[in-house]
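Q: Sequences listed follow chains Y and E, in order. In terms of our numbering, the first sequence opens at residue 1 and continues consecutively. In terms of our numbering, the second sequence opens at residue 1 and continues consecutively.
Worth flagging that the hints you see were computed from the coordinates, not collected in a lab. Built from N, CA and C at the ideal position, the CB exists for glycine as well. Be aware that a few hints might be false.
[As the list claims (entries may be wrong)] Lysine-lysine pairs mimicking DSS-like chemistry, simulated, CA-CA at most 25 Å apart: (1) E:306 to E:182; (2) Y:266 to E:193; (3) E:302 to Y:266; (4) E:297 to Y:266; (5) E:243 to E:193.
[Claimed, not checked] Label-pair distances were calculated between CB atoms; the ranges are: (6) E:80 to Y:301: 21 to 31 Å; (7) E:266 to Y:248: 15 to 25 Å; (8) Y:43 to E:116: 41 to 51 Å; (9) Y:169 to E:4: 41 to 51 Å; (10) Y:241 to E:190: 43 to 53 Å; (11) E:121 to Y:305: 20 to 30 Å; (12) E:172 to Y:169: 29 to 39 Å; (13) Y:42 to E:275: 23 to 33 Å; (14) E:163 to Y:39: 49 to 59 Å; (15) Y:216 to E:80: 22 to 32 Å; (16) E:266 to Y:261: 46 to 56 Å; (17) Y:51 to E:218: 56 to 66 Å.
[Stated by the list, open to error] Over 10 Å on every C-beta distance to chain E, these chain Y residues come out as not near it, computed from the model: (18) 51; (19) 53; (20) 115; (21) 155; (22) 171; (23) 191; (24) 236; (25) 242; (26) 274; (27) 352; (28) 353; (29) 359; (30) 365; (31) 366.
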Amino acid sequence: MRRHYSDGALRWRHADRKHGSSVQLSTSSSVKGACDTQGLRWLRTTAYNVLAIGLGILAGLLVVVYAGGNLGVALSSLFLNPITLSGGVQQIFVRFILFYTMGLGVGLALKAGLWNIGAQGQLLIGMVMVFVVYTFLAFLPWPVLYVAMILGAALGGLLWIAVPTILRVRFGANEIVVTILLNVVAINFAFYMLSGPIKSSGTALGFPHSVELPALFQIPNIVSGVPITYAVPATIALGVILYLVVERTPFRVKADTVGESHETAKYAGISIPRVMTITMLAAGALAGLAGATYLMGYRYELDIGSFSTNYGLVAIICALVGRKHMLGIGFASFFFAYMTIGAESMALSANVTTYVVFAMEGIMMLGILLGNYLTERKFAV
Amino acid sequence: MSFPLSDIITGILSTTLTLSPFYIFAGMGEIVSEQAGVANMGLEGIMLMSLMSTFVVDYMTGNPWIALLAAMGVAAVIGAFFAFTAIRLRVDQIASGLAIYLIGLGLSFVIFNTVYPSGLTPNYIPIQPLVTNWNTIPYVGPIFLKQDVITYTSLVLVVVTAFFLTRTSLGLRVRAVGENPKAADNMGVNVNKVRFLATLFAALTFGVAGFYFAGHFVPGFQTDVIAGRGFIVLAMVYFANWKPYRALFAALSFNLVYAMQNEYVSLSGFGVASVSTLFNMLPYVFLLALIPVFGRKARAPKFLLKPYRKG
């Protein structure tokens, strides 16, 4: 369709005016939305999310049945195995801690409109740092070394994300590109550290791995015999603290404004570099911290099996599904922890590769995004 | 054992030229797509699906050209789906791209594993080089004549893409809808149609890249076999400032650094990958180091990542 030129010029001005007022509109509509349509909107979002998750599960079941698996066995493995199988509960909480800690960081950066695709790399550096501190600061007395290992992991993640942060804030470089690049660098670096400086001199058989952390440096179970470590309440406490610090203070408005529009933030006198730096660095530190709780609370040693995981991506999904809300991410993380364990067990029950879980997660993520679109369309003013 | 310097240099240049088409093809597609305002973060997922199709179809038919068609077909279907979500449904491009990546990552191996449960496969039949007796000609042979037709096509594609974006009316429309969709719309350009075409073109190039990956990078299909190389294309496009010739330069120099460290590592024989992994980091660190140099002046298309709603 072709429009007449002068008409086009008119439309231009009109569009400009509309654009200019849209900033005010969006703030006022959110206030209005809080009163009447919020409940309905929440209901719709939840319904779509459930539908999306159902679709992902359906896709997984289809693959399993196609591969000759029994539907009943698949369903029971998916829903029941995570709690009935030995080690299942432990696995759920291990993943929950990973997803929640990393998801908090990803969500925090997302609030300020920044995509931390590099959570996986920061996690790896965090894991490496645990053993770097353990090996090279071994002269420290026990409680100091214990804390130093945890803080070292967080510091490692923070330093790793400092590169994209500086490049973003100082040079305006795209943080997505840099964090992606650093993921590859992190894998190579971790591999180097593992095959050299922090390599276990014990067994030379097979692939390189680190020493195993002695019991003194493991995070203990709360009740002996029940495989739930102190890391679980600590992670939840961290989430609540971040909720109080981020969601209940003016910082939320600052971050949201920076995420929404740099123009508006500038106009409101918000220091954009400061908000970006704080959220990015916190994201890196949190992902690094996840490395410490994972190693010290569950795996106890580092090997290349920890390298090729995709926990960083799942953390992004959790942050998106939790709608960047510090508590919402927690619920999303628990759900995805349960789901991934169940789906892996389902795949194994029918002799299907566990890679089907990635496809299921992708379908769920896409479905949730589409659900958001449908909700927004319904409630768009 | 001694290695003549000329052999080493020939080897390095040959590797550089062999590996680059993967990045060049995908880079040209991503440039066109991003110039139109759509960033496809799911490119590695599309490549994995194309690569899987390449292997499966090649094993079954023994004909690499049919495999190429299959790879491009699969890529086009996923690309069209991505375009639908990102353009028509206005879903966040980064999030839906990551979702496509996850689906591709999972599904590619699930399908491959279903077709070849034991992992045993026939031999992969690659495209033959145009000049079969390239070995007889020194220097020029191993560097230039050893390459297959895809390599030459990739170099032509750079010229074509640059010409297309700056000299043709459709190319100008592509840039217009990424730079200022409202103005383009007012000029009578169907914004979302142009964006859809650009995204589809990108998907086709990812298909070719996925096809090229087979044989040149890996002998067979495995889980997560592209291992982030697809994402590197995003970085190259960024450093290239969305310009085709610079993307060619980025791809060649990245692979040159890669080939040099590769040659050095294999010659010096570090044994079990200890120091060698440090050298493996070099190409990526090289790209990172380019940011303060080139990234400073990089200016993304103004409406990149922003969906367009008519009216």
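Q: Confirm or reject each hint.
A: Against the structure, the hints:
{"no.": "1", "hint": "E:306 to E:182", "in the structure": "holds (12 Å)"}
{"no.": "2", "hint": "Y:266 to E:193", "in the structure": "violated (35 Å)"}
{"no.": "3", "hint": "E:302 to Y:266", "in the structure": "holds (19 Å)"}
{"no.": "4", "hint": "E:297 to Y:266", "in the structure": "holds (22 Å)"}
{"no.": "5", "hint": "E:243 to E:193", "in the structure": "holds (22 Å)"}
{"no.": "6", "hint": "E:80 to Y:301: 21 to 31 Å", "in the structure": "violated (46 Å)"}
{"no.": "7", "hint": "E:266 to Y:248: 15 to 25 Å", "in the structure": "violated (57 Å)"}
{"no.": "8", "hint": "Y:43 to E:116: 41 to 51 Å", "in the structure": "holds (46 Å)"}
{"no.": "9", "hint": "Y:169 to E:4: 41 to 51 Å", "in the structure": "holds (49 Å)"}
{"no.": "10", "hint": "Y:241 to E:190: 43 to 53 Å", "in the structure": "holds (51 Å)"}
{"no.": "11", "hint": "E:121 to Y:305: 20 to 30 Å", "in the structure": "holds (25 Å)"}
{"no.": "12", "hint": "E:172 to Y:169: 29 to 39 Å", "in the structure": "holds (34 Å)"}
{"no.": "13", "hint": "Y:42 to E:275: 23 to 33 Å", "in the structure": "violated (55 Å)"}
{"no.": "14", "hint": "E:163 to Y:39: 49 to 59 Å", "in the structure": "holds (56 Å)"}
{"no.": "15", "hint": "Y:216 to E:80: 22 to 32 Å", "in the structure": "violated (57 Å)"}
{"no.": "16", "hint": "E:266 to Y:261: 46 to 56 Å", "in the structure": "holds (51 Å)"}
{"no.": "17", "hint": "Y:51 to E:218: 56 to 66 Å", "in the structure": "violated (38 Å)"}
{"no.": "18", "hint": "51", "in the structure": "holds (15 Å)"}
{"no.": "19", "hint": "53", "in the structure": "holds (13 Å)"}
{"no.": "20", "hint": "115", "in the structure": "violated (6 Å)"}
{"no.": "21", "hint": "155", "in the structure": "holds (21 Å)"}
{"no.": "22", "hint": "171", "in the structure": "violated (5 Å)"}
{"no.": "23", "hint": "191", "in the structure": "violated (4 Å)"}
{"no.": "24", "hint": "236", "in the structure": "holds (26 Å)"}
{"no.": "25", "hint": "242", "in the structure": "holds (22 Å)"}
{"no.": "26", "hint": "274", "in the structure": "holds (21 Å)"}
{"no.": "27", "hint": "352", "in the structure": "violated (7 Å)"}
{"no.": "28", "hint": "353", "in the structure": "violated (5 Å)"}
{"no.": "29", "hint": "359", "in the structure": "violated (3 Å)"}
{"no.": "30", "hint": "365", "in the structure": "violated (4 Å)"}
{"no.": "31", "hint": "366", "in the structure": "violated (4 Å)"}
Going down the numbered hints, you'll see the structure goes against 2, 6, 7, 13, 15, 17, 20, 22, 23, 27, 28, 29, 30, 31, while the others check out.
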